[in-house]
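Taken in order, these protein sequences are the chains called A and B.
For the first sequence, our numbering gives the first residue as 1, with consecutive numbering after it.
For the second sequence, our numbering gives the first residue as 1, with consecutive numbering after it.
Rather than coming from a laboratory, the hints here were simulated on the basis of the structure.
Cβ atoms here follow ideal geometry from the backbone N, Cα and C, with glycine treated the same way.
Looking from chain B toward chain A, a few residues come up when the C-beta cut is under 10 Å (computed):
(1) VAL22
(2) ILE24
(3) TYR25
(4) ALA27
(5) ARG91
Rough simulated footprint, nothing fancy, chain A against chain B, three-plus residues with beta-carbon under 8 Å:
(6) 10-20
(7) 28-41
(8) 66-79
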Amino acid sequence: MGAEAPRPRVAALALAVGLVLADSSIVVLALPEIYRELDTSVAGVSWVLVSFNLVLALAAVPAAHLARRVGPGRSAAVGLAVFAGAGLACGIADQLSTLIAARCVQALGGALAVTAVLELLPATVGSERRAAALWATAGATGAALGPAIGGLLTELVSWQSIFLIQVPIALAAAVPILAVARHEAATGVLSTELRPTGRPHLLANLALALVSAAIAGALFLLVLLLIEGWRLTPIGAAIVVSVMPLAALLGSRLDGLVPSARARAAAGAILVSGGLGGLALLPKAEVALTLPPQVMIGIGLALVLSALTETALSGRAPQAIHGGWTISARHAGVVIGILAVTPIFTNDIAEQRSEAIDAGTAVILDSRVPPLLKLDLAQKIESRLDEEKGKVPTIGPAFEPLPDDPAERDEVVQLRDELQDQLNRGATHAFSPSFGLAALIGLLSLIPIALARRVEL
Amino acid sequence: MNAERRAQFLVVGSILAAVALVGIYLAAGGSSYTPAKTQDPCKHRPWRNPEGLQQIAEQFTLSALDGAACQLGVSRETLARALATPESRERFTDRYEISDAKLARAVRAGLLRAVDDAEEAGALSPLLAAPLRETLRNIPLDQAIELINNAESLLDDVQGFLGPVEGLLEQLLP
Chain A
1 MGAEAPRPRV AALALAVGLV LADSSIVVLA LPEIYRELDT SVAGVSWVLV
51 SFNLVLALAA VPAAHLARRV GPGRSAAVGL AVFAGAGLAC GIADQLSTLI
101 AARCVQALGG ALAVTAVLEL LPATVGSERR AAALWATAGA TGAALGPAIG
151 GLLTELVSWQ SIFLIQVPIA LAAAVPILAV ARHEAATGVL STELRPTGRP
201 HLLANLALAL VSAAIAGALF LLVLLLIEGW RLTPIGAAIV VSVMPLAALL
251 GSRLDGLVPS ARARAAAGAI LVSGGLGGLA LLPKAEVALT LPPQVMIGIG
301 LALVLSALTE TALSGRAPQA IHGGWTISAR HAGVVIGILA VTPIFTNDIA
351 EQRSEAIDAG TAVILDSRVP PLLKLDLAQK IESRLDEEKG KVPTIGPAFE
401 PLPDDPAERD EVVQLRDELQ DQLNRGATHA FSPSFGLAAL IGLLSLIPIA
451 LARRVEL
Chain B
1 MNAERRAQFL VVGSILAAVA LVGIYLAAGG SSYTPAKTQD PCKHRPWRNP
51 EGLQQIAEQF TLSALDGAAC QLGVSRETLA RALATPESRE RFTDRYEISD
101 AKLARAVRAG LLRAVDDAEE AGALSPLLAA PLRETLRNIP LDQAIELINN
151 AESLLDDVQG FLGPVEGLLE QLLP
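Let the sequences and hints guide you as you build the complete structure.
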């Protein structure tokens, strides 16, 4: 079958993997928009991301077994059709519960498609090693590009377009796979032989879960910090967080230079944790200061994910099942990461917002501007807080129109800047403990990485 | 460089890069980039040499806010915003489960503390402070809230705030 494999089929298989794994992160930049439009909470909106990753984590291994039993062609085609249908449902959802339910179905279809593709690839490209490499590259590319594509679509069209655009792409990917499905249906012959399945590499998968938790926390928190804390637009945030996948491309070039998977995994985990530590200790609310930590995280994630995936698959057969385990581990890690950091930072952001507004009000009360102006500002600030309903407010409008008197105007502008500085401090500091926790989770992954040398499971 | 050395170099380089980033951000003030702490309203806040009726009235209002906030267990700043409009006041009392009577008692206590502070700062003569205290002690609760709630008119026209003692206050001003 490998000799017959046409290029469109290889492209379709890679597209299917990239599309599904991009979906685990593509909504990250749309979350603030969904949060506002569906009038929910931060914890509520996080489930748009969590539900997909949770179902993918739970369904990946059973889906791999199913694909091997019913035929990977049929499984991939059905999976992509379900993924497309659920994507359409996501795009027209007007309630959070509907969106989350559709995301769960989408993940089920995605799990079927990705694991079936893993089963199809070795026969299509000619070897398990090449198949694993193609699968890993397609998945990593999709996951890395997801947030930026999602941010662009949210800004240029709408958050719904993220899901709607996936429908024709998924169906297009399914078309070349249908030939395999028809072949299976006609002959009753599966494309791969059923072989006994070995035990998964526990330590590598545990390390994958931990490091994925740290990376997911980093991406989720950074996007929320940029959009909700520092008030960047989704497109602005998309550009900023694109640094991470770009750095990951750089990191992937180190793979060939250092053959030791253990050294790459350890170095990657240290870089991810160091970058997260930097984000926990941002000395100012400046986008430029997020770049060095992002570069570090990007290089680190490329090193650690490829090294651990390679370790988890090395010498284990069938690769589809073990690939399924790595998908389970990674996406379970994503869920753990998001669930671990969300309650901490939602609590901290409310507390820090209150402290920042108090600090800003103190600046106004103790200032030398005329008392009547102080009272007017206090009223306008209160109105802004009411309008923003518990979110970090954009405070500029509370100071409009500026006084005509030049001296008074200067004082008011200074007060506005001081109040904004306090809000920036509050918004930034609110994320610090969560970034710190994500860094700690990343460091914990060093334990299984260290043990993996001594204990081979 | 052989493969083993490259592996060691990669791990050591990663450790150094991570430590350097965290160290630089710490040195740049990463651990102290937090909102400024507001002062405890129960602690005395010295007056800043007020000159003129308007500044005295302003300091008086701030002291009254401190006193009332201390009684209610909230910050001066939170109370100042809460009293900005009737809607914000209602949100505040709902959020902190404060009855109107409790709020009024706190505001009256705040006003009395403001008289003490004014007297201590030398902005108010003891001769004037005593009758003013009496006035505030006997002031109806609604009017006590109104004194701070309508601070705009209070600051615009100190007579509305200090009431019958305005003439005496003006005589005692430096």
